[in-house]
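Trainee: Letter by letter, the chains look like this.
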Amino acid sequence: MGIANHVRERREERGLTQGELAAAVDVTRQSINAIERGRYDPSLELALKLADEFGCPVEALFQLEE
Amino acid sequence: MPQNDTIDPATETTYRRLHAALWLCSGVALGGLIVAGYPLLGVGAFAACAVGAFSVYRRYGDPLFDERDQRIQEAASERTITIFGLGSAVVFPTVTALWALDVIAWPLWLTPIAFFVAALSLLHGASLAYERRWA
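Chains as they are written, first to last, in the numbering used here: chain D, 1 to 66; chain L, 1 to 135.
Heads up, some of the hints might be wrong.
The following label-pair restraints were derived from C-beta to C-beta distances [as the list claims (entries may be wrong)]:
no., chain 1, residue 1, chain 2, residue 2, range
1, D, 55, L, 86, 42 to 50 Å
2, L, 59, D, 58, 33 to 41 Å
3, D, 48, L, 43, 39 to 47 Å
4, L, 59, D, 2, 52 to 60 Å
5, D, 57, L, 5, 35 to 43 Å
6, D, 38, L, 90, 34 to 42 Å
7, D, 12, L, 115, 55 to 63 Å
8, D, 65, L, 17, 28 to 36 Å
9, D, 12, L, 94, 33 to 41 Å
Everything labelled a hint here was simulated from the structure, so no lab data went into it.
Quick reminder that beta carbons are idealized off the backbone N, C-alpha and C, glycines included.
Make a model of the complete structure from these sequences and hints.
Mentor: Following this line, the structure appears as structure tokens:
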């Protein structure tokens, strides 16, 4: 069971670049890119930081895939 | 906290590659110059490259490495120790049995490797015990 995420959609809605989002949550741009492509599942801490940055609950950003 | 409002992809990649290249150079320079008969020069080159790598890391204002790099590092380390463990579990008992049965002569070059694997296993065991204590 994988984890689906809506980071790219949320980021684009906010008009942020990957670099801007990376700087905001204190990680590398490569990690944001990997998360958006579904190649990396972030830690709980980073997931919470991303949710905080987008002002949404973490479950709106990440969901378990069936 | 990050120093910039954004991270330039090209700059990030350049710094990461430069950092890796400097560490690679430090090892190659140390080994190469020792083999070439200039051990002190090798140590100097190693130190210079290591300081350079550290400077690159410090100079980059934003995170150059993060939790994803740490997870990659952990996965690579886990695979390495697994390969060492499985390889040792096959090679050493097999060679020992063949040597005991007088099928082969004990390869002398295998002895330091055996000690190295034993030391590595002990260190791994100690690290596991330490991590379990705090997990």
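Trainee: Each hint: holds or not?
Mentor: Comparing the hints with the structure gives:
The given range of 42 to 50 Å is respected by residue 55 of chain D and residue 86 of chain L, whose C-beta atoms sit roughly 48 Å from each other. A C-beta distance of roughly 34 Å is found between residue 59 of chain L and residue 58 of chain D, which places it inside the suggested range of 33 to 41 Å. Our hint of 39 to 47 Å for residue 48 of chain D and residue 43 of chain L holds, since their Cβ atoms are close to 45 Å apart. Hint check: residue 59 of chain L to residue 2 of chain D, Cβ distance near 37 Å, so the stated range 52 to 60 Å is violated.
The supplied range of 35 to 43 Å is broken by residue 57 of chain D and residue 5 of chain L, whose beta-carbon atoms lie about 26 Å from each other. Range check, residue 38 of chain D to residue 90 of chain L: Cβ separation about 37 Å, and the 34 to 42 Å hint holds. For residue 12 of chain D and residue 115 of chain L, the Cβ-Cβ distance of about 57 Å falls inside the hinted range of 55 to 63 Å, so the restraint holds. Range check, residue 65 of chain D to residue 17 of chain L: Cβ separation about 34 Å, and the 28 to 36 Å hint holds.
A hinted range of 33 to 41 Å for the beta carbons of residue 12 of chain D and residue 94 of chain L is inconsistent with their spacing of about 57 Å.
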